[in-house]
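A.B. asks: Below are the chains, spelled out letter by letter.
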Amino acid sequence: MPGEPLRIALFTHDTFGLGHVRRSVRFLQRLSVESPQAALLLVSGSPALGFLEHLPPRTDVVKIPTVARTGASDNRPPHLPLPLTEITRIRERVICETMLAFAPHVLLVDNFPLGSRGELKRTLGAVRQNGTKTVLGLRDILDASDVVRRDWTRQGTYEVLDHLYDAILVYGMQELFDVADAYALPETTARKLVYCGYVTETAIATPSGKGSDPFLLATGGGGGDALPLLNAFVEALSLLPRTTPAILFTGPLMGAADKAVLHAKAADLPNLTIKTFDPNLPSLFASADVVVSMCGYNTTAEILASGARAVMVPRTWRYGEHEKGEAGGREWEQLLRARSLAGMGLIDLIEPEMLTAEHLARRIVLRSSAPRPSHGVSLEGANRVTQELLKLAATNGHEGRTIA
Amino acid sequence: MGLGHMRRNLLISEALGNVHTPPHVLLIAGAPELGAFTLPSHVDAVMLPPFVKTPNSGYVPRTAFDSTESLRSMRAGIIRTTLDLFLPDVLISDKLPRGLMGELDLALEDLGGHTHFVLGLRDILDHPLAVQRDWLSDGNEEAICEFYEAVWVYGDPSVYDPRYEYGLSHDVSSKLKFTGYLDPSPRLNGNGHELPDDDGLPDRFALCLVGGGQDGGPLALNFARAVLDTPGRYGFVITGPYMPAERKVALRSMALGQNRLRVREFVRHPGRLLKRADRVVTMCGYNALTEAVTLGVPVLGIPRIKPRIEQLIRARRFADLGLIHTLYPDNATPDAIGAWLEKDVPLPPRADQRIDFRGLDRLPEFMEDIVPGRLSNGHKPVRGAP
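Heads up: the protein sequence lines correspond to chains C and Z, in order.
So the first sequence is numbered by the numbering used here: it starts at 1 and just counts up by one.
So the second sequence is numbered by the numbering used here: it starts at 1001 and just counts up by one.
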């Protein structure tokens, strides 16, 4: 409709990391810069909405009941103790109600094509009838190919990608991970793929020429699952000279019990400072001598963007299940990401089963004398995704809103 | 609506969970900052795009929605859908028996017969004439009579009795019960990690609270000047998320380069800071004032006086009880605030001997009256309501 302001909606699944929500906020910020008149709506059940930075103007949020239940044992997300089927029914209807009323020109669904337990199917069908363009955004790597293929076959996701989505934007690079190939997408679906590059902060203040004294930095990302690595880091420090300062960021989601473990271990390490979070973490990455971290999407992208020397130990246990270790099941996303980056010489990888304090200490020392990596990784994801959404919106033959 | 409503209703949700088996609590609210609060584990929320009040008492969407009607109908639809599926035993509605612009009407009709409706009111709404005009109109009074079983006032009749002050009808008055003030301070537990022990705050500092911050800029700036004009004085300002950006910038630049003034936008649990402050300068919203007076430090209350005079009334009543000092906003200059900060003020009397603050303890019992036997026992009964 000419003259009518653009409406763009985002749906983000509520796994209890910070990653999905932070990525969505980046898109909202870009969209609001590129199209200041656009009305933006974020729909999510994420308990991490509480950590939202400032939302851009003309942005609203609808929070639906949370289904995510994982998290550090004393830091589980709050949720209604109702059967999952009941919560799913509420979510399904609220999402549908919201999208029909908002009548977006474009709907971007983050990472989970059907949301939780198929809750999006009805909404996707309904908004498409009204002319909304539907877009799936996929993180660079979801999990091991065979796991994704099995899940998608079982859940009927292939049909959904074929029939209910107009485009699939990948927040990654084909050279690093070929989605069509890995997940065996049929040609009709593969044609919808657009590789957008990594979504991250690109304007990172890099350290000035003089540089500060060398220091080591370890980050737990969101922190809910970071204890094993950070524990090893503190132990590794006790093997290294006490003269090099070190900062450890637990992440805002680390449970109090986990933090207490770290603080107790750090008691006789005067060179170690433990902090929760710093909004300028990426520029600290840039000035640190060596950065030690897991290999989650956001942290990895920030490390690449900052040009840091990184030693990465991917997480393969399920989120929030580090007490059970891999007995709680395995996830391959971080390991696959780390392996392809290590293959390009961009990071130093420690395979998770090789993680010991001694090994980590040795690799930190080795890495600190290596040259800083220079990479050819595209970090323009947020811009590119925004462009693609606006392009789709412009081609949309929207019939106007239908209020159910 | 504002931070105050959200904070209060979260406290209520939490207090209702202080029984052996906590009930499932679903909070439906229109505040985007909801996420900024920590929800207890038996509580979840559905949060909707908010309306803002226009100067002529209408409501408009704050952000993405292009018309009042499109947002109103969406909110009404979501509220109805959610409640139909959640099918609560009890619905506690905050202040507005029909929601905003009647958005609760469909749900009231749908759930009538199954759900027990309770209206929750803060101690003071506004000037009695304004209450007559705004609150007792629009079919609100009829809705209370028709659908609501009880009206809980989160206050104490010895401070303010809405039955008498507003001239409530017998029908409404007979449903009304006072819970006592909802005082969050005993509930502060150690889960906040916002202010680590090494935050460098001195032992003595004055704290300035301006609620959500939308109209708190002038007070915050005057407080900051008062602190900086007084050598040796330390001050801490919480701006609130809604303070206009240029005021925040002004405050931050005042704080820059010295350690006597600190500025934070938001803290989840201001109580922790309140406990450490030796003076509190605050606007007179329900939560801030309730919390401030229970801590036993001198409080200077500077009420908001428009668009409603709720805070002014509260400030006067609390001052009459000897619990706070007050300044009229026009008189709250940096000099006046500074003079109060420097003045040797005796510690206030114990507030809990003058006002009933046990509302949160009593809520499970009030709930038990509404749905006898539905809340599993295990809570400690509290002696008689005020």
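Treat the hints as calculated values from the structure; they're not laboratory data.
Incorrect hints may appear among the rest.
Unchecked claim - Partner residues aside, some chain C positions facing chain Z, computed with beta carbon under 10 Å: (1) V33; (2) P36; (3) P57; (4) K63; (5) I87.
To be verified - Once the Cα atoms are required to be at most 25 Å apart in a straight line, the calculated SDA-like pairs of lysine to any residue come out as: (6) C/K275 / Z/R1252; (7) Z/K1275 / Z/R1260; (8) Z/K1275 / Z/A1245; (9) C/K275 / Z/R1268; (10) Z/K1275 / C/A260; (11) C/K275 / Z/L1256; (12) C/K275 / Z/P1372; (13) Z/K1275 / C/P252; (14) Z/K1053 / C/M173; (15) Z/K1248 / Z/R1272; (16) Z/K1175 / Z/P1372; (17) Z/K1248 / C/A260; (18) Z/K1248 / C/P56; (19) C/K275 / Z/K1175.
Positions of the beta carbon are idealized from the N, C-alpha and C atoms, including for glycine.
A.B. asks: Would you pick out the hints that fail for this structure and give their numbers low to high?
C.D. replies: Violated: hints 1, 2, 8, 12, 14, 17, 19.
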